[in-house]
Amino acid sequence: MPEAPAAPETAPESIDDVDTLSVAVAELRPALEAILMVTDEPLDKVRLASVVGHPVSDVEAALESLAAEYAEQGRGFDLRPVAGGWRFYSRPEFAGVVESFVLDGQQARLTQAALETLSVVAYKQPVSRARVSAIRGVNVDGVMRTLLTRGLVEEAGQDEQSGANLYRTTSYFLERIGITSLDELPELAPYLPDMDDLEDELASVAGTEAPPAEPAPTGQADDEEPAHAPSPHPSPHSGAGTEPHGGTETA
Numbered sequence: 001m002p003e004a005p006a007a008p009e010t011a012p013e014s015i016d017d018v019d020t021l022s023v024a025v026a027e028l029r030p031a032l033e034a035i036l037m038v039t040d041e042p043l044d045k046v047r048l049a050s051v052v053g054h055p056v057s058d059v060e061a062a063l064e065s066l067a068a069e070y071a072e073q074g075r076g077f078d079l080r081p082v083a084g085g086w087r088f089y090s091r092p093e094f095a096g097v098v099e100s101f102v103l104d105g106q107q108a109r110l111t112q113a114a115l116e117t118l119s120v121v122a123y124k125q126p127v128s129r130a131r132v133s134a135i136r137g138v139n140v141d142g143v144m145r146t147l148l149t150r151g152l153v154e155e156a157g158q159d160e161q162s163g164a165n166l167y168r169t170t171s172y173f174l175e176r177i178g179i180t181s182l183d184e185l186p187e188l189a190p191y192l193p194d195m196d197d198l199e200d201e202l203a204s205v206a207g208t209e210a211p212p213a214e215p216a217p218t219g220q221a222d223d224e225e226p227a228h229a230p231s232p233h234p235s236p237h238s239g240a241g242t243e244p245h246g247g248t249e250t251a
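Take the sequence shown: its position 191, counting from 1, is numbered 191 in full-length UniProt numbering, and each next residue is one higher.
One or more of the hints may lead you astray.
Said to hold, decoys possible - Restraint-style ranges between C-beta atoms, simulated for each label pair: (1) S90 / E154: 43 to 53 Å; (2) S162 / A95: 37 to 47 Å; (3) F77 / R47: 19 to 29 Å; (4) S181 / A71: 18 to 28 Å; (5) P186 / G76: 23 to 33 Å; (6) P55 / F101: 35 to 45 Å; (7) E155 / R75: 38 to 48 Å; (8) S181 / E64: 30 to 40 Å; (9) D141 / G74: 15 to 25 Å; (10) D78 / P186: 14 to 24 Å; (11) F101 / A71: 43 to 53 Å; (12) F88 / G151: 39 to 49 Å; (13) A95 / E72: 14 to 24 Å; (14) G137 / F77: 33 to 43 Å.
It is worth saying that the hints were derived from the structure and are not from the lab. For every residue, glycine included, the Cβ atom is placed at its ideal position computed from N, Cα and C.
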């Protein structure tokens, strides 16, 4: 019986046969700089590695090296890890120059009311509009719409008990204030009253209506004020007020 012809020998596939970008190792840093220069959002190390065709560990080391080099040279920009990725930012000491260029009557800035509302969402998230209104003491519907439109706040499901929509900050919020996670937000304890007291006050505001005033005791003169007359001043956390605008102002 004739023997079957032997199969042609093939060389084992090597790592060089795998399709990769033709970027030399020496060009890794310039390639990263070029990509980060044109991106409009932070890019994580895995995404960058897939683009430049280098191992993730090499990309991470190159990013850290570039960031240290820029800081040492005192460049006008920094390379920072923000919101899970990397992106170029102007250095803080040049903020005045950049602000005068970018905000020269051309861009609407958040009002103080919008900034306060955004702060409440950042520290209490996920939180409902009613909760934010109770904390701020005014109706925040218009301001919340502005924050949603600007991409700083997003919906985060519904409250199981009340069914109200909940809101949280976005990754764009982290990017704009230059932090990686909410854990980097400054502590509020030095600037606020005891949070337990605040919770008690909010709970009392959200309770039932105040009971009617007790009738004047027998023998009390008509012009005497009842001993437990309700205060004529509304609670600062009543939520009865309304913001005069949607939360933006022209620079």
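Quiz item: In this structure, is the beta-carbon distance linking D141 and G74 contained in 15 to 25 Å?
Solution: 46 Å, violated
Quiz item: Lying within 14 to 24 Å: is that true of the beta-carbon distance D78 to P186?
Solution: 20 Å Cβ-Cβ, so the 14 to 24 Å window holds.
Self-check item: Assessment of proposed distance window 14 to 24 Å (beta carbons of A95, E72)
Solution: 21 Å, holds
Quiz item: In this structure, is the beta-carbon distance linking S181 and E64 contained in 30 to 40 Å?
Solution: 18 Å, violated
Quiz item: Would you say the C-beta atoms of S181 and A71 sit inside 18 to 28 Å of each other?
Solution: 21 Å, holds
Exercise. Could you tell me whether the CB distance from G137 to F77 stays inside 33 to 43 Å?
Key: Since G137 and F77 have Cβ atoms about 41 Å apart, the given range 33 to 43 Å holds.
Quiz item: Is it true that S162 and A95 lie within 37 to 47 Å of each other by Cβ?
Solution: For A95 against S162, whose Cβ atoms are near 41 Å apart, the range 37 to 47 Å holds.
Quiz item: Taking the CB of F88 and the CB of G151, does the distance hold inside 39 to 49 Å?
Solution: Taking Cβ atoms as reference, F88 and G151 lie about 20 Å apart, which means the hint is violated.
Quiz item: Does the Cβ-Cβ separation between E155 and R75 fall within 38 to 48 Å?
Solution: About 39 Å separates the Cβ atoms of E155 and R75, which means 38 to 48 Å holds.
Practice problem: Given the range 19 to 29 Å, decide if the beta-carbon distance of F77 to R47 lies inside it. | Solution: 21 Å, holds
Quiz item: Is the gap between the beta carbons of F101 and A71 within 43 to 53 Å?
Solution: 23 Å, violated
Quiz prompt | Cβ separation of P186 and G76, checked against the hinted range 23 to 33 Å | solution = 26 Å, holds
The structure fails to meet hints 1, 8, 9, 11 and 12 from the earlier list, while all remaining hints are met.
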